[in-house]
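Trainee: Residues per chain, in single letters:
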Amino acid sequence: MIFAFNNSSRLASRRKREKAANFLSMAVLVVLGAIVMFPIYWIFRSSLMSNGELYAYPPAFTPPNWRFSNYRDTLEVFEYWKFLGNTMTILVPSVIGAVITATMGGYAFARLRFRGKKILFMLCVGSMLLPSMVTLIPLFVVWAKIGLVNTYWPLILPHFCGGGAFNIFLIRQFVKTVPRELDEAATIDGCGYFRILVYIIMPAIKSAMIVVGLLKFIELWNDLLQQVTYITRRDQYTLALGLNIFKGSFNDDWSSIMCATCLSFIPGIVFYLIGQKYFVEGIVMTGMKN
Amino acid sequence: MTVKPIKKLVKYNKAETRTAWLCLLPSVIGLVCITYLPMIASFALSLFNWDGLGEMQYKGLHNYVKLFTSDTKFYSSLWVTLKYSFMSVTLSIVYSMMIALLLNRKIPARSFFRAIFYLPYVLPAMAVYLGWKWLYDFNHGFLNYIVRLLGFAPVKFLDSSTLVTPSLAFIAVWLSGNLIVIFLAGLQNVPRTYHEAAEIDGANAWQRFWKITIPCMTPIIFYNLLMSLVSNLQVITPALSLTKGGPGTGSYYMCFMLYQQAFKSHKYGYGSAVAVVLFILIAIFTAILFATSKGWIFYEGDDKE
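Just so you know, the protein sequences line up as chains A and B, in that order. Taking our numbering, the leading residue of the first sequence gets 15, the next gets one more, and so forth. Taking our numbering, the leading residue of the second sequence gets 2, the next gets one more, and so forth.
FYI, nobody ran anything at the bench for these hints, they're computed from the structure. Watch out, some of these pointers could steer you wrong.
Simulated coverage check for chain A against chain B, where a stretch passes if three residues somewhere in it have a Cβ under 8 Å from a Cβ of chain B [as the list claims (entries may be wrong)]:
1) 81 to 94
2) 111 to 121
3) 214 to 222
4) 261 to 272
Source: prediction; values computed, not measured. For glycine and all other residues, C-beta sits at the position ideal for the given N, C-alpha and C.
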């Protein structure tokens, strides 16, 4: 009896302490979350103010007048839709190519037996550690020789080549979780390896394929270097390049620059909201496998 | 009596092999043509002088000699790259581990918070750096408003060679949402039973953190450390979008130097030499990490000592 009583009181105090700790973590998270969100808020707030209002001291924390018309004015000088269209012309095929080829590669590594698999897999995983910067100059030279600089091909075609070692690896981890019995049942029913991939594996790893697509999307979205290297013609500019030029020509017009910045944020945020659930799931799967 | 191990005779199914190679064809082409061959080509190219148009002139190790003996900018470049990488890697790892630990507790609206800390990572880099340029602005930036409120004179965050590295590293920390998610996934795999057992034995939260959580997390810490080191040593985006290598050589990172030499000055050979040095630098760091990893990485089910 006494023992039981002791135990429950200890449990109660432990619960109490845990509650206090959770409350404290929550408080810290709220503060840190506010700090992390603040720059985005500040950029947004700046986009809704005139330059006069922006240069006032002390700065206003909320826009004195919500000048949504700033966006209309900015859209007149900043070719947002065109730049966005150009960006998507590169991104959409690249992402599709990466997802398809990474899925094929990941499936082969996870399921099929063939000579040379181990070495190939090692070469593949090892390439994750190789700095991609080192390939920049030779690849540029080759693309220039073929005469495809200033087209989108150098930005798109490489993603049809496996979509990057990390993505192949990610797909492989997912395929490994699909029960082999499914493959075997399909084999008995007369399915070949390729049909197993299409009808059994792909439906089962749909979420992984979405993760690969989203990760690729972010990667390319952020990849300023490749765009700077291969695109020099203004009518081919992507959002990032367009933004860069826009900043150059509207040097101190921070109000317009912040409008353009916010406009560039939007597609990223939209894609993230769509894919949030898959992101976490996908990373849980790969993070573990050292 | 010793039994000779029977040699495994694996018969490879023909159809299986064919499908495998077919599936791997794009990846193999990628590995060969856009990873390994260009890497070798970089080594080769670094032995030549070439402006991209005229004759290639074989110069042996001349480019390297020039880098290490007469190009003072190269040493600055090496130094700022190391400084930036060290700062942003350590700070991002500590920051994201801390956030992940907080997010791993039983708190309401967890996925909402996770989304908040991840959000900066999905924003396009160019826009992010532009936004931060405004926050760092000397006259009207928010951060200098704070600096003034605290009673100091405004600071040139991006235009001072001492502050540019911490300022850019700070943005890198802000962008490190992907590390948080990976840490969080790792934390969720730390067996609860370990904690419960330790608690019964009287270990307090602090002891449990250092004796259970951290050891169980070492593989993940290693992964994050390695990956962010490799990517941070290749830093170029802030220099391309904001600082253009300056002030002085304050953000003249090795990749930026490579880019400038190859694509602005059309010295492809010299740029390739920079690339090769960078490659070796990254290889050294990777090797050090792997060599020390046996000492501090704890794998479950691994009976050490």
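Trainee: All hints, please: hold or fail.
Mentor: Hint check:
1. 81 to 94: violated (count 0)
2. 111 to 121: Result for this restraint: holds, n = 5.
3. 214 to 222: The restraint on the stretch 214 to 222 of chain A is violated, since only 0 of its residues have a Cβ under 8 Å from chain B and three are required.
4. 261 to 272: Coverage by chain B holds here, the residue count being 4 at a Cβ distance below 8 Å.
Comparing the model with each numbered hint stated earlier shows that hints 1, 3 do not hold.
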